[in-house]
Structures are given as structure tokens and as C-alpha cells.
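Okay, so the sequence shown: first residue is 1 according to our numbering, each after it adds one.
Since the hints were derived computationally from the structure, they do not count as laboratory data. Every residue gets a Cβ at the ideal spot worked out from N, C-alpha and C, and that includes glycine. There could be a bad hint or two in this list.
[Unchecked claim] Simulated restraints, written as ranges between beta carbons of each label pair:
| no. | residue 1 | residue 2 | range |
| --- | --- | --- | --- |
| 1 | A192 | E43 | 23 to 31 Å |
| 2 | K203 | A143 | 13 to 21 Å |
| 3 | D37 | G78 | 39 to 47 Å |
| 4 | D37 | L258 | 42 to 50 Å |
| 5 | A142 | R229 | 26 to 34 Å |
| 6 | I107 | Q47 | 57 to 65 Å |
| 7 | A68 | L253 | 52 to 60 Å |
| 8 | E43 | Q119 | 24 to 32 Å |
| 9 | A71 | A143 | 34 to 42 Å |
| 10 | K126 | K203 | 40 to 48 Å |
| 11 | D26 | L258 | 35 to 43 Å |
[What the hints assert, rightly or not] Simulated crosslink set (DMTMM-like; lysine to aspartate or glutamate; CA at most 25 Å straight-line):
| no. | residue 1 | residue 2 |
| --- | --- | --- |
| 12 | K183 | E43 |
| 13 | K183 | D123 |
| 14 | K203 | E256 |
| 15 | K202 | E214 |
| 16 | K126 | E200 |
| 17 | K126 | E199 |
| 18 | K126 | E91 |
| 19 | K203 | E252 |
| 20 | K202 | E218 |
| 21 | K183 | E166 |
| 22 | K183 | E199 |
| 23 | K183 | D62 |
| 24 | K183 | E91 |
| 25 | K202 | E166 |
| 26 | K126 | D62 |
| 27 | K183 | D209 |
| 28 | K202 | D215 |
| 29 | K183 | E256 |
| 30 | K202 | D64 |
| 31 | K183 | E108 |
| 32 | K183 | D37 |
| 33 | K203 | D215 |
| 34 | K126 | D101 |
| 35 | K126 | E214 |
| 36 | K183 | D215 |
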Amino acid sequence: MSASRLTLITGAAGGIGRSLVARFVDGGDRVLAHDRDAAALAELVAQHAPDRVVAAASELTDLDALRAALAPAIAAHGPIGATIANAGSAEGASLAGTAPDAWRRDIEQNLHAGYCTFQAALDGLKACAGNIVFIGSVNGLAALGHPAYSAAKAALISYARSIAVEYGRLGVRANVVCPGTVKTQAWQTRAAQNPQVFEELKKWYPLGDFAAPEDVAEAAWFLASAQARMISGAVLPVDGGLMAGNRVMASELTLEAL
């Protein structure tokens with residue numbers, strides 16, 4: 001892998017985003033860090049060696065604005081060779097509790113944001129035979145609450161597979177990392193409501209623990225690396241075994257402690 005590869009990471013100033021940036025910088029890439037929060041991006045850039053992280057701030061769902069924000073870094077450092085589409089958010093926790101505007105925002109901030117990210121990076125990915133990794137969610141694989149967010153994450157899997165099929169002839173790969181619970185800032189509100197939330201959730205995870213942001217970053221790094229050159233259209237859960245099955249339910253079904 002070339003040490004000069006330019007890797008676009010969206011949602012770079014968030015909990016998982018910061019770990020993604022650190023991992024790809026450690027791997028030798030120059031990171032084009034995108035986020036809507038310009039102040040947080042400036043603070044992120046200052047944490048890294050000069051010129052290893054380049055900031056670009058804009059609304060991710062405005063494709064023209066996104067292209068304009070990325071253009072200076074591309075002109076200075078060459079085409080985007082890898083992309084980690086990490087940005088996303090969730091509002092409505094249930095179908096009954098999801099208003100139409102919240103549904104639209106969840107689809108826009110997750111599915112449409114992924115579309116815009118790929119479109120903005122496409123010329124570079126084609127030129128470099130590069131790849132894109134979408135940070136999805138186990139919510140895209142099973143009904144686990146937040147239905148609009150879940151629908152968007154499920155659609156990202158289909159979108160990634162379409163990219164893999166249509167652009168594979170150009171050497172472009174597309175894959176999805178699906179984390180389970182990840183202990184980030186986004187969980188602080190729930191933890192404030194119920195300080196035991198993490199301990200209570202652990203029983204559903206076969207490994208008895210949650211992923212850290214660094215675990216998600218390692219999975220994305222692997223899929224974006226030359227070691228994964230024959231992997232495209234794949235979905236990789238990083239979920240402590242959550243999608244493998246339900247130990248609690250299995251114990252009740254078999255009447256044996258598992």
C-alpha cells in the first residue's frame with residue numbers, strides 16, 4: 001500500500017471517526033477528514049503530525065458543497081484512494097415514536113450521506129482502483145430499535161453491493177462494517193438515564209463485551225487494505241458475536257445454562 005494514499009473519512013470528529021483517523025494515519029495514509037463541525041476538525045488536525053490530516057468541513061448531504069470542500073485537498077495531494085463512509089445519526093427509537101421529519105432526517109443522514117460520499121470520491125476511486133468501506137450497523141441486519149436508522153443502514157448494504165458489482169471491473173471494492181454497541185459519546189444520554197445500561201446489555205453479547213471505537217477502526221483498515229484485495233460486497237459485523245445468535249434465548253429454549 002502506498003504511503004501517499006489519500007483516504008477520505010467522514011464523521012471524522014466523532015468517537016469512531018477519531019479512531020479511524022488515528023488508525024489510517026498510523027498505517028501511513030494521508031487522511032482527508034470530513035465533518036460538519038469545523039472547530040472539532042481543527043482540534044483533530046492539531047492532534048496529528050503536520051500534513052498527515054487535512055480537514056474539510058461541509059454538509060455531507062449536499063453533494064455540490066461536499067465536492068467543493070474536498071477539492072482543495074484533492075488538488076494538493078492527489079485523488080482519493082480509499083473512503084471510509086462513517087458519518088451517521090439516529091433519531092426515532094421506535095416506529096410509533098418516529099415523526100415523518102425524523103424519518104426523513106435518519107434516511108438523509110445515513111443512506112443519502114453514504115451516496116454523496118461515494119459520488120464525491122468516485123473519480124479518485126476509479127483512477128486508483130480504490131475502495132470504500134461503509135460503517136453500517138447491526139441495526140441493518142436485525143430489528144434492534146431506531147427503525148428509520150436501521151432501514152437506512154440496511155439499504156447501505158444493498159448500495160455497497162451494487163457498487164461492488166458495477167465498479168468491480170475497474171478494481172473498485174465496496175464493503176460494510178456493522179458494529180454492535182460501541183461505547184462512544186453518543187451513548188452518554190442513555191447512560192445518564194440508566195447508569196447500568198452497559199452492564200444490562202452485556203448479556204446479549206456472546207463475548208460479554210462491546211466493541212471499542214478502535215475495534216471498528218481495525219476492521220475498516222483491514223477491508224481498505226491490500227490484504228482484502230479479493231473481498232468486495234461483504235458485510236463484517238464487529239459485534240461481539242451478537243449476530244451469531246442469542247445465548248439467553250438458547251438457554252431458555254434448551255433448558256440448559258449455556
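Honestly, which of those hints from before does the structure not fit? 3, 6, 13, 16, 17, 18, 21, 23, 25, 29, 30, 34, 35
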